[in-house]
Amino acid sequence: MSSSVLKKENENAVSRNDDAVEEFSTPRSSQNPKFPKIREAQSDIGELRRLLVKPGEVSVVLPEAVRKSSEKDGDLAEATLPIVEDNIRQSAARDPKILAQALYPVIGPAIRKAISQALGAMVQSLNQTLEHSISPKGISWRIEALRTGKSFGEIVMMKTLLYRVEQVFLIHKKTGLLLEHVTADESEKQDADMVSAMLTAIQDFAQDSFNASEDATLDSLKIEELSVWIEHSPDALVAGVIRGTPPLSLRETFSQAAEEIQFYQEADLKNFDGNADVFERSRPVLERCLQFQAGEQKETSGVFKPMNIVAAGLLGLLFIFGFFYVRDYYRWSGFVERLESEKGILVTETDRGFFTHSISGLRDPLAVDPVGLTEEYGYDSEDVEQNWKTYYDANSEFIVKRAELLLKPPRGVKLSFANGVLSAEGNAPVGWLSDAAKIAAALIGVNEFRAKDGVADGLKNKIESTVVMFNCNTDDFAKDQTTKIETLVKDLESFAALGNGANISVHGHTTKIGSEEENNSLSDSRAEKVKSEILGRSSKLRDMNNTGTVSFKTVRIEADKETEECAATLTLNADSE
Amino acid sequence: MIQKKVCMIGATGVGKTSLVRQFVESIFSEKYQATIGVKVDKKVVRVGNRDVTMMLWDIQGEDDEFEIRPSFLRGASGYMLVVDMTRSETLETAKRIQLMIEDQIGVVPFQIIFNKHDLKDEFEIDDSWMVEFAGEKVLRTSAKTGEGVEDAFLGIAAKML
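Top to bottom, those sequences are chains A and B. Here our numbering = 1-based position in the first sequence + 8. Here our numbering = 1-based position in the second sequence + 2.
Treat the hints as calculated values from the structure; they're not laboratory data. Hints are supplied without guarantee of correctness; some may be wrong.
From the derived model, a few chain A residues whose C-beta atoms are all more than 10 Å from chain B [to be verified]: (1) Ser-99; (2) Lys-145; (3) Leu-186; (4) Ser-228; (5) Ile-317.
Once the Cα atoms are required to be at most 16 Å apart in a straight line, the calculated EDC-like pairs of lysine to aspartate or glutamate come out as [to be verified]: (6) A/Lys-416 to A/Asp-443; (7) B/Lys-45 to B/Glu-27; (8) A/Lys-76 to A/Asp-94; (9) A/Lys-105 to A/Asp-281; (10) A/Lys-145 to A/Glu-162; (11) B/Lys-41 to A/Asp-199; (12) B/Lys-44 to A/Glu-390; (13) A/Lys-182 to A/Asp-243; (14) B/Lys-161 to A/Asp-281; (15) A/Lys-537 to A/Glu-494; (16) A/Lys-492 to A/Glu-541; (17) B/Lys-45 to A/Asp-199.
Here are the in silico distance ranges between beta carbons for each label pair [to be verified]: (18) B/Asp-53 to A/Arg-172: 29 to 35 Å; (19) A/Leu-89 to B/Arg-98: 29 to 35 Å; (20) B/Asp-53 to A/Glu-162: 33 to 39 Å.
Ideal Cβ placement from N, Cα and C applies to all residues, glycine included.
Given the sequences, and given the hints that come with them, work out the whole structure.
Here it is, written out as structure tokens:
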């Protein structure tokens, strides 16, 4: 008999029974047992009793009755609530694992959702905590947050999440035996059986050592930058070996994998006898856990990333700065070297600053002008602060220049300097020579002034053309000879001051009148008189005579037609005897 | 390939670690190093025409201060109960441990091993005691010489299949 037919019959039966009970329950019927309807009702009651006492029949009727009751009102739910609660309580008390396993597919996602919300709150909190971070990295992340419109916390999380899941183990929880193993890189494959067993052993050891309950599980291990995350299902563990810092969402991936394998292979897990071949089915699930995140590199691509542009800009600035720095270095070095090589300039201090430079030292007024040189080396005059103190260079070039400025030598006269002696060469007026000799003595570095051959010729001629007149037959000076003698003395002083040395010959002249003897005597006497007069009038010449720089000699001139006169004359010879 | 978890059980110092080392690496060292907690080793053996991966859980030996942790025994397909022939008290310990194991994980295949058979002058256990505990087929081993070691492990492997 089909179930639908049976259902129909039962519905009819229940309907009939309802009517019978209604009629049977009336007082009239009960008072008239012989009435035919009563017999009919009694028959129905019998039928009803038959249905109730047979469990099989009740099981057919009960679902429909429950459904009708639920549709009608909530009495049935209310009535059965204490029983259901009691059943659950008893089940949990007897073996909590049964209930836990039954609820696992429901509780797992619910817990994950709750954790996800908690993590969201944590990110929020992290956001606030990092709000005040002022590290350079923090600032750059903050800029990125502004640029991308993401929250600062999100950026921080993203930047710190660089990881790779290298291996995933599926481990049988009870035995610790490896069921399946996937790796991101085949070359890194280790002895997965051993790893699997040791992970289980570590968990057992930890549980025993700290008296933790059986439900307390080892969730993660950390060895330097390697982490092992373990997710538990009732009969299996999914353990991932992760290099780097994984996001918490990865745990959800592991958890889902554990749940999925538990769900689809629960029977295999429970009946596991050491043969893990059936768990090859779970490989795709485990491979989903082989995730990685390359962090910043993954997020952006191309060369025009803001950081690259900033870096390129900085590099460019650095290059430009470097160019100008090097160029300035060579310019400044060249400028300083040039000044150091210039005569009449002594550099004592230099300073090459970022914007302005300075240089100090000593400078001869006749040296090259350093301010003019700055422009030659590409500097504006205000770029270089110059502090020069005056000094007089004892270099021959500068001594000659200075002498030329002061002595103003006439055309044809050339000055030169060597070993402390300033020399003049060429034809010079007598007056200039005598002035030059005096001024030159005051020049720095000049010990002596000399006029070379030819320079004193004019003076010599003047002296040698001087004729001192005497009264005839006497050695008395003729009238008005004093001025002439004074001039002669000055000229002789000038001549001697030129430093050439002088041998002065004083010639005594006579007429032919008289005896030769008398004339010779007169000649000697006149020459001696002039010599005495000269030395008597000039202390300089006396000193020079004493030191031998100047020598006097008297010369007797015998009278002849050409020199016949009452006079004395002088001749000069510059060469020392 | 079939995998089986096998626990090495016994009193402390009976030679469990040495037996495993001899079996897995064919090495013996006189130096005694106590096992703390558990150490896991692996050896693939061939039983009949099947390869079996034996995961050998070498569990810290039991003494006055340490009792074997039942959690290490969970899921074991078999166990080796090791007795030191030169120390009679290790036989008593083995008997006590066996009762505990059967209580914890039920009856599973096991192999009783009387180790240190090379130290003949120091025996403290009579043959009759051994027979009484292990039955007629007494398995004597020496982790030092390697005597009986292979047979013992292959024996338990065969029993587990």
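These are the hints, each one checked on the structure:
With a least CB separation of 24 Å from chain B, A/Ser-99 remains clear of the 10 Å interface cut-off, as annotated. Every Cβ of chain B is farther than 10 Å from the Cβ of A/Lys-145; the closest lies at roughly 42 Å, confirming the non-interface assignment. A beta-carbon of chain B is positioned within 10 Å of the beta-carbon of A/Leu-186; the least distance is around 7 Å. With a closest Cβ-Cβ approach of about 19 Å to chain B, A/Ser-228 is found to remain outside the 10 Å limit, as its non-interface label requires.
A cut-off of 10 Å between C-beta atoms confirms that A/Ile-317 is not in contact with chain B; the least separation is 55 Å. Taken as a hint, the A/Lys-416 and A/Asp-443 pair is honoured in the structure, with Cα atoms around 11 Å apart against an allowance of 16 Å. Proximity of B/Lys-45 to B/Glu-27 is assessed by CA-CA distance (about 9 Å); at most 16 Å being required, the pair is judged to hold. Taken as a hint, the A/Lys-76 and A/Asp-94 pair is broken in the structure, with Cα atoms around 25 Å apart against an allowance of 16 Å.
Taken as a hint, the A/Lys-105 and A/Asp-281 pair is broken in the structure, with Cα atoms around 21 Å apart against an allowance of 16 Å. The straight-line distance between the Cα atoms of A/Lys-145 and A/Glu-162 is roughly 14 Å, inside the 16 Å bound, and the hint therefore holds. Straight-line distance between C-alpha atoms of B/Lys-41 and A/Asp-199 comes to about 15 Å, which keeps the hinted pair within the 16 Å bound. This hinted pair does not check out: B/Lys-44 and A/Glu-390 have alpha carbons roughly 87 Å apart, beyond 16 Å.
Restraint check for A/Lys-182 and A/Asp-243: the C-alpha separation of about 7 Å stays at or below 16 Å, so the hint holds. For the suggested pair B/Lys-161 and A/Asp-281, the alpha carbons sit about 14 Å apart, so the restraint of at most 16 Å is met. About 14 Å separates the Cα atoms of A/Lys-537 and A/Glu-494, which keeps this hinted pair within 16 Å; it holds. Using a Cα cut-off of 16 Å, the hinted pair A/Lys-492 and A/Glu-541 holds, with the two alpha carbons roughly 12 Å apart.
Distance hint between B/Lys-45 and A/Asp-199 is fulfilled; the C-alpha atoms sit about 12 Å from each other, no more than 16 Å. Here the CB-CB span from B/Asp-53 to A/Arg-172 is close to 33 Å, well matched to the stated 29 to 35 Å. Separated by about 51 Å at the C-beta atoms, A/Leu-89 and B/Arg-98 break the suggested range of 29 to 35 Å. Take B/Asp-53 and A/Glu-162: their Cβ atoms lie about 52 Å apart, and the range 33 to 39 Å is violated.
Going through the hint list in order, the structure does not satisfy hints 3, 8, 9, 12, 19 and 20.
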